[in-house]
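Q: Put together the whole structure using the sequences plus the hints.
In this text, residue positions in the sequence shown follow my numbering: the first is 12, and each later residue adds one.
Hint data in this document are derived by calculation from the structure and do not stem from the laboratory.
Predicted model, so just to flag it, every value in this text is computed and none were measured.
Do not take every clue at face value.
[As the list claims (entries may be wrong)] Below, computed lysine-lysine pairings styled on DSSO-like, alpha-carbon distance capped at 30 Å: (1) Lys42 - Lys177; (2) Lys42 - Lys59; (3) Lys55 - Lys180.
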Amino acid sequence: MPEEILPESTTRAAAYALWMNAPNPTVTLFKTFDVTNLVRLSRKKHLKFNMLLDFCIGKAAAPIEEFYTLPVGKKLIRYDALAVSTIVKNRSGGINSCDVRFTEELSVFHRDYLNLTSRTAAACEDHDLSESCMVIGTSAITETQLDGAVGMNSGIFNNPFLIWGKYRKQRFRFALPISFQFHHTQMDGAHAGRFLANLQREITDLKP
Numbered sequence: 012m013p014e015e016i017l018p019e020s021t022t023r024a025a026a027y028a029l030w031m032n033a034p035n036p037t038v039t040l041f042k043t044f045d046v047t048n049l050v051r052l053s054r055k056k057h058l059k060f061n062m063l064l065d066f067c068i069g070k071a072a073a074p075i076e077e078f079y080t081l082p083v084g085k086k087l088i089r090y091d092a093l094a095v096s097t098i099v100k101n102r103s104g105g106i107n108s109c110d111v112r113f114t115e116e117l118s119v120f121h122r123d124y125l126n127l128t129s130r131t132a133a134a135c136e137d138h139d140l141s142e143s144c145m146v147i148g149t150s151a152i153t154e155t156q157l158d159g160a161v162g163m164n165s166g167i168f169n170n171p172f173l174i175w176g177k178y179r180k181q182r183f184r185f186a187l188p189i190s191f192q193f194h195h196t197q198m199d200g201a202h203a204g205r206f207l208a209n210l211q212r213e214i215t216d217l218k219p
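A: Written out as structure tokens, the structure reads:
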């Protein structure tokens with residue numbers, strides 16, 4: 012279960028003091044990924060590309076300790092589980108967010124992803140796991156190719172967030188620029204860099 016922890020008892024104590032009251036405590040990094048393996052798996056196995064990418068995001072974040080501690084309001088909350096959120100087009104023509112709990116088994120994540128996104132679209136209601144999981148937000152703007160995007164720093168939601176557009180073909184490979192936004196209280200650039208390196212490795216090595 013999530014629990015409040017004292018900042019001074021964590022490795023994020025200095026970051027908490029520096030960034031919790033900063034007017035803009037978020038950092039956004041941009042990286043272009045080789046997503047050739049995901050495109051080929053999606054086509055060959057008839058799996059949704061975004062589902063595969065969401066799974067890789069969860070798997071890349073799971074071994075990094077900082078992902079499990081999130082600033083919520085003025086508190087630091089420690090979680091023992093991760094979820095990846097995806098934006099779903101609902102039956103009314105609007106959108107809802109759907110949180111899918113991360114599991115190391117792709118088959119289980121795939122099943123949950125399909126079930127939960129279908130239910131979210133039909134109900135026109137968000138599926139929210141923020142009370143039980145540290146949620147990694149994502150937004151796929153697949154109508155166009157993007158070079159990068161910066162998310163909104165609302166001060167309400169401090170969760171890490173990734174945004175991407177339509178992947179692009181480069182000869183016999185496929186590339187996808189992704190932006191990664193994070194709260195500086197949660198992690199430093201080195202942790203974010205490790206996550207992005209993990210993500211490329213998980214994308215390249217994924218086997219269903």
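Q: Take the hints in turn and mark each one as holding or not.
A: Evaluated hints:
{"no.": "1", "hint": "Lys42 - Lys177", "result": "14 Å, holds"}
{"no.": "2", "hint": "Lys42 - Lys59", "result": "22 Å, holds"}
{"no.": "3", "hint": "Lys55 - Lys180", "result": "17 Å, holds"}
The structure shown violates none of the earlier numbered hints.
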